[in-house]
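> Just so you know, the sequences run in chain order A and B. To convert a position in the first sequence, counted from 1, into this note's numbering, add 436. To convert a position in the second sequence, counted from 1, into this note's numbering, add 52.
Treat the hints as calculated values from the structure; they're not laboratory data. Built from N, CA and C at the ideal position, the CB exists for glycine as well. Warning: the hint list may mix true and false statements.
[Unchecked claim] Below, simulated DSBU-like cross-link-like pairs (lysine-lysine); rule was C-alpha separation at most 35 Å, straight line:
{"#": "1", "chain 1": "B", "residue 1": "Lys552", "chain 2": "A", "residue 2": "Lys509"}
{"#": "2", "chain 1": "B", "residue 1": "Lys288", "chain 2": "A", "residue 2": "Lys439"}
{"#": "3", "chain 1": "B", "residue 1": "Lys497", "chain 2": "B", "residue 2": "Lys421"}
{"#": "4", "chain 1": "B", "residue 1": "Lys60", "chain 2": "B", "residue 2": "Lys356"}
{"#": "5", "chain 1": "B", "residue 1": "Lys158", "chain 2": "A", "residue 2": "Lys479"}
{"#": "6", "chain 1": "A", "residue 1": "Lys472", "chain 2": "B", "residue 2": "Lys60"}
[As the list claims (entries may be wrong)] Pulled from the structure, derived: some chain B residues nowhere near chain A, Cβ distances all over 10 Å:
{"#": "7", "residue": "Pro602"}
{"#": "8", "residue": "Ala612"}
{"#": "9", "residue": "Ile621"}
[Said to hold, decoys possible] Quick look at which bits of chain B chain A covers, simulated, 3 or more residues with Cβ under 8 Å:
{"#": "10", "segment": "117-130"}
{"#": "11", "segment": "151-158"}
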Amino acid sequence: MQKAVIQLEPLVCPSCMQKIEHAVKLLNGIRQDSIKILFNASKVRVNFDSDKLTVGEIEKAIETLGYEVISSKVKPA
Amino acid sequence: MQKFILGKKNQITLISAILIVLAFFSRFALENMDIFHWSLIIASVLGLAPIAIQAYQALKVKVVSIDVLVTIAVTGAFLIQKFEESAIVTFLFLFGAYLEQRTLNKTRSAIKELTEMAPESALKKMENGEFEEVDVDDVDEGDILLVKTGAKVPVDGTVLSGEGYINEASITGESVPVGKTVDSQVYAGTILENGTIQIRADRVGEDTTFGRIIELVEEAQDSKSEAERFIDRFSKYYTPAVLVLGFIVWLISRNVELAITILVLGCPGALVIGVPVSNVAGIGNGARNGVLLKGSEVINDFSKVDTIVFDKTGTLTVGNPEVAEKEFYGENIDEVQAYLASVEKESDHPLAKAVLKDIGETNLFTVEKTEVVKGGGIIAQVNGRRIAVGNVALMEKENVALSEKARRDVERFEQKGNSLVLTAVDGELKVLMGIRDKIRPGVKKDLQKLKRLGVKNLVVLSGDNQGTVDLVARELGLTKAYGHMLPEDKSAFIKKMQAKGHIIAFVGDGVNDSPSLALADIGIAMGSGTDVAIETSDAVLMNSDFSRLPHALGLTKSTARNMKQNIIIAVGVVIILLASLIFSEWMNMSIGMLVHEASILVVILNGMRLLRYRLRGRLA
Chain A
437 MQKAVIQLEP LVCPSCMQKI EHAVKLLNGI RQDSIKILFN ASKVRVNFDS DKLTVGEIEK
497 AIETLGYEVI SSKVKPA
Chain B
53 MQKFILGKKN QITLISAILI VLAFFSRFAL ENMDIFHWSL IIASVLGLAP IAIQAYQALK
113 VKVVSIDVLV TIAVTGAFLI QKFEESAIVT FLFLFGAYLE QRTLNKTRSA IKELTEMAPE
173 SALKKMENGE FEEVDVDDVD EGDILLVKTG AKVPVDGTVL SGEGYINEAS ITGESVPVGK
233 TVDSQVYAGT ILENGTIQIR ADRVGEDTTF GRIIELVEEA QDSKSEAERF IDRFSKYYTP
293 AVLVLGFIVW LISRNVELAI TILVLGCPGA LVIGVPVSNV AGIGNGARNG VLLKGSEVIN
353 DFSKVDTIVF DKTGTLTVGN PEVAEKEFYG ENIDEVQAYL ASVEKESDHP LAKAVLKDIG
413 ETNLFTVEKT EVVKGGGIIA QVNGRRIAVG NVALMEKENV ALSEKARRDV ERFEQKGNSL
473 VLTAVDGELK VLMGIRDKIR PGVKKDLQKL KRLGVKNLVV LSGDNQGTVD LVARELGLTK
533 AYGHMLPEDK SAFIKKMQAK GHIIAFVGDG VNDSPSLALA DIGIAMGSGT DVAIETSDAV
593 LMNSDFSRLP HALGLTKSTA RNMKQNIIIA VGVVIILLAS LIFSEWMNMS IGMLVHEASI
653 LVVILNGMRL LRYRLRGRLA
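Based on the sequences and whatever the hints tell you, model everything.
Set out below in structure tokens:
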């Protein structure tokens, strides 16, 4: 289990949060209840299973939606 | 391709603005309807592209977003050849989003300033003994780092060599530089103003004091109150419901224009953004002014506080008591003082420190059989004699008889607001000391401000004797004062007041008061920023600055009011729009979109006012 903190470009519309949350939720290996989208800080915090998923795949899911990923950090949870 | 279009949103917005202007120019000045139509068609298609892409992305992850509503509405308008409407609506939607981004960045600026103070690089000692610049993330605990003049301290650590002066304003709010030498503690995010030091990293990254403060503020600005969670749930169903409503209207009336107008008017716009905007601006203002507020729930509760309970020592007073008066009874004063000093040396009670300071250098004896009497004092065996040091209650317990003169002295000392320390040797009173703590400068004025902000009860609870506490209460104009309170008495008192329906804030220094801090509706820690109390309380006054308290209360009141205003604006706009669609002729898609975007800007600008909030000096 690993914990990722992904910094995004500044989020503007709150429906972005919904979109990002759903998109990340649909990935295999995500701890569903751990997803936290911080609107004002424009960050995504999520725990995931590192056997099934890499942080790169999470980033890609978010970028496909059209939100730029600025940086990300991964720590053992 | 998608990414390219989304990345060029601002340019697209500009081009569609130019096209719309061109269209109306050619219609009214050149009277050329071809250019008019074609300009609008191009503007519509161009403007719709990024919105449609966002809508598609949203639907792919099963979210009906505002983009979806707008895309359907604009497509509909386009199909029934209402190019004027489709062009203007897409333009307004894009331009609104642009303005929202700009203004939102402003509201977030206060907190951003704080996070940007985080150190980014460090000079780390490598295996070859040379220092090399590395990213702060690559520093581990135990690494040796070099900090040069003007640089930020990258981690929490201990000075190994060198000396210098450090500005710790980012942690304590105090901008007078602090001298550091070998073995001094240094904190991440502080700035070495002069000198050069080598430090050992003790805590890195998010574990540093600065890291914890940032994480706390970041969590706080995005924490949600009950009301917000309700709005979130609501908007999840609201947007699809508007879509369904539009569809039903179309089914019944077969009027495409009416149906798509409903889609635009029903956009939830300002509702979802109103509260978070107030929240981030309010917390940002606090962070800038030495008040850490932990989230919107705290803001709501804090704004309703009608009773504030204070700890005395270290909160209302400076917390540095000194011996103000003393009386000796009998002979051998030096010997008795030596016994007293020996016993007090064993204690870390603030009064003991004051006693030791007053006595100064003296012979120390070995102390045996030390017994601490809770709420009383200390009893110990020194040089074969029984020494009792403590308050009047302890003397009674020890059956120490007080002479007529001693009784009068006790009374006199208490009236002057002294805490009493009595010393008895073998059951006979020898010394009476009156110890006083200075009231923090400016506290009286701050308390008056709190009253003016609507706080009804200002209560002080203290372990000190009633005389001292009464005196402080009289001097400061507090409504109630209770002495002889142990920590458990304090929390019992808070429970009792809460049962009577009061909303209580407790202000304490967070060490011995943690039960009360946790129990009160709002626990406010007087923190120097390095305290663990930061984590247990709801709000922190940085650098133990009492004068921040009225600001904090005023700010939470303004922020709570601001949130309500924003909710009213948002709900009001939707109601007025839908009502005017039914009852008036002039409502259409373009006006609806204009009003929506305007209302979003209004709530953001309204929230932004909080950044400038300052407690007005209404003191006569």
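> Hint by hint, note whether the structure agrees.
Here is how each hint holds up against the structure:
1. B:Lys552 - A:Lys509: 49 Å, violated
2. B:Lys288 - A:Lys439: Cα-Cα ~27 Å, so holds.
3. B:Lys497 - B:Lys421: Violated - the C-alpha atoms of Lys421 (chain B) and Lys497 (chain B) are around 47 Å apart, more than 35 Å.
4. B:Lys60 - B:Lys356: The given pair, whose Cα atoms are some 47 Å apart, is violated under the 35 Å limit.
5. B:Lys158 - A:Lys479: 18 Å, holds
6. A:Lys472 - B:Lys60: Holds - the C-alpha atoms of Lys60 (chain B) and Lys472 (chain A) are around 29 Å apart, at most 35 Å.
7. Pro602: 26 Å, holds
8. Ala612: 18 Å, holds
9. Ile621: For Ile621 (chain B), whose nearest Cβ neighbour in chain A is about 16 Å away, the distance exceeds 10 Å, so it holds.
10. 117-130: As far as the segment 117-130 of chain B goes, the hint holds, because 3 residues have Cβ atoms under 8 Å from chain A.
11. 151-158: holds (count 4)
In this structure, the hints that do not hold are numbers 1, 3, 4, in rising order.
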